[in-house]
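Same order as they appear, the protein sequences are chains W and U. For the first sequence, my numbering gives the first residue as 1, with consecutive numbering after it. For the second sequence, my numbering gives the first residue as 317, with consecutive numbering after it.
Treat the hints as calculated values from the structure; they're not laboratory data. Certain hints may be false.
[Stated by the list, open to error] Derived CB-CB ranges, DEER-like: (1) W:211 x U:562: 24 to 34 Å; (2) U:549 x W:269: 22 to 32 Å; (3) U:486 x W:125: 31 to 41 Å.
Treat the numbers as computed from the prediction; the structure is a model and nothing was measured. For each residue, glycine too, the CB sits at the ideal point set by N, CA and C.
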Amino acid sequence: MTAVTENIVLPDRRGPAGRLSDFFWKHPHVLLTVLLAPPLLWLGVVYVGSLFALLLQSFFSIDDFSGLINYEFTFATYRQLLSETNLDIILRTVSMAAIVTIASALIAFPIAYYAARYAQGKWKVLFYLGVMLPLWSSYLVKIYAWKLILAKEGIVTWFLGKLHLQWLLDAWLSLPVVGGNSLSVSYTGTFIVFVYVWLPFMILPIQAALERVPGNLIEASSDLGGTPAQTFRHVLFPLALPGIVAGSIFTFSLTLGDYIIPQIIGSSRLFIGQAVYAQQGTAGNIPLAAAFTVVPIVIMGAYLFVAKRMGAFDAL
Amino acid sequence: MRSERNRSPLGLKIAAAAGLAFMHVPILLIFLYAFTTEEKSYQFPPPGLTTQWFAVAWNRPDVWAALTLSVKVASIATAVALVLGTLCAAAVSQTRFFGRETISLLVILPIALPGIITGIALRSAFSMAEIPFSFWTIVLGHATFCIVVVYNNAVARFRRISGSLIEASMDLGADGFQTFRYIILPNIGTALLAGGMLAFALSFDEVIVTTFTAGQQSTLPIWMLEELIRPRQRPVTNVVAMIVVLVTFLPILGAYYLTRDGDQIAGAGK
Chain W
1 MTAVTENIVL PDRRGPAGRL SDFFWKHPHV LLTVLLAPPL LWLGVVYVGS
51 LFALLLQSFF SIDDFSGLIN YEFTFATYRQ LLSETNLDII LRTVSMAAIV
101 TIASALIAFP IAYYAARYAQ GKWKVLFYLG VMLPLWSSYL VKIYAWKLIL
151 AKEGIVTWFL GKLHLQWLLD AWLSLPVVGG NSLSVSYTGT FIVFVYVWLP
201 FMILPIQAAL ERVPGNLIEA SSDLGGTPAQ TFRHVLFPLA LPGIVAGSIF
251 TFSLTLGDYI IPQIIGSSRL FIGQAVYAQQ GTAGNIPLAA AFTVVPIVIM
301 GAYLFVAKRM GAFDAL
Chain U
317 MRSERNRSPL GLKIAAAAGL AFMHVPILLI FLYAFTTEEK SYQFPPPGLT
367 TQWFAVAWNR PDVWAALTLS VKVASIATAV ALVLGTLCAA AVSQTRFFGR
417 ETISLLVILP IALPGIITGI ALRSAFSMAE IPFSFWTIVL GHATFCIVVV
467 YNNAVARFRR ISGSLIEASM DLGADGFQTF RYIILPNIGT ALLAGGMLAF
517 ALSFDEVIVT TFTAGQQSTL PIWMLEELIR PRQRPVTNVV AMIVVLVTFL
567 PILGAYYLTR DGDQIAGAGK
């Protein structure tokens, strides 16, 4: 029996490469370890290690007199995080993230639906690249473009002036909260730029979800007497929902952590990202900055948990 | 019947077209502003058109220094990400092992968490380990979030290589290295090229993590950020913005053409 097996099996390979190759073949776990060790060392040790180091710092506190970090375990920094000003910042960021998410879903849906159901051949490619190019074009250039557009002497003012609608812009800017001196220093401006920059992240998952809806399902609904509105409400929307949730993961998470957009286009009131930046930089309060970063991590953790339940990951 | 099915409602058509226009008009405006004669404001319409700012930008050493640094960082970060991402993809797609799902999560984490968290985590780790900021700290940060793009492309392609192809090669007497060289590499080559191009574009454009890991050096995005916060020479910024748009478009189009026949086209997940 053994003799037969030995005849079937080829002789061992020669040379160091051959022997190594045989060794890997006989011990696939060693090969796996060799493959995984470099990326795991990089991501698991360097990256996750840094994350833990950061989280650890949030349990330290800063000495009010010397300004040095006091390396003793304490919840004092978290108590500071829950002060009124800081809660204000958190609430402002979360509500901005929520309305940005809703607005991008509203704008993204028609594009995704058209691309998934009606666009064919050349148009399909056009839609695909039409989403992909803005997605990948420079984040700063996109913000810069809006600085040009929203500036007082910029194109929005010019366009509304041509339509004799200048009064509309002035009326909007005189509103409390959303208004300001000009669009580029108002919440409205921040909101528009957030929606613009994250929109492609919403379109792609919705389109992926809609691609999987069979066309005859829509036809069946209308054959059975459903109006377009009913079809949308009872057939299309529930099937697209995982895609919308998947997209909202991006829009929500990205808005929570961004500090450049509100700094360049927006009022002087802070968002979470700006607070983190200010605390770690000028204020030198690393523990509070670390505690601030825990907020988006916790929110996104809860969000991802719910999203997973809703099947959003299949649409990614 | 068929024409009925393929006719879209007018409202949908208008909404989709308006959405696409909303995404592209701002980028097109950048091109217009690169030629404006107005220096001090963002006046629209531009009072006149000129090409003189291209010459001015060309002669600016700070722009060149930032561009060179960005290209260097992006090249090395891409090379590191290519190696690590491919290794990870090979392990995950060719074998089943405990903790496989965790590895996918680990790879996606640097891009799923807001950039500011990655940035500040690395910064505080550097300061704890007393590593001074340098060219290499920028590369380290960039490579971390570039792994995922290479990984996604490579995993998608690995899934399409049939296992019997590899077994056939081994049965015919090729060793593991030969199989990799002659069977696996030609199959995943275009996916890796596409992933590498996307990683390059991602790194070339990154600003949030870089602000935390760069110290005194400025990459092109950092240079732009400074111009955005404190505008000094708007026309030069306009020209640089236009060039950045063109430079990032090329890898994206390239990656698209390399992977368009596949089941998953590169770039769909940034």
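Cross-check of the supplied hints:
Checked against the hint of 24 to 34 Å, the pair residue 211 of chain W and residue 562 of chain U passes, with Cβ atoms roughly 31 Å apart. The given range of 22 to 32 Å is respected by residue 549 of chain U and residue 269 of chain W, whose C-beta atoms sit roughly 30 Å from each other. For the pair residue 486 of chain U and residue 125 of chain W, the beta carbons lie near 39 Å from each other, so the given range of 31 to 41 Å is met.
Against the hints set out earlier in the document, no violation occurs for any number.
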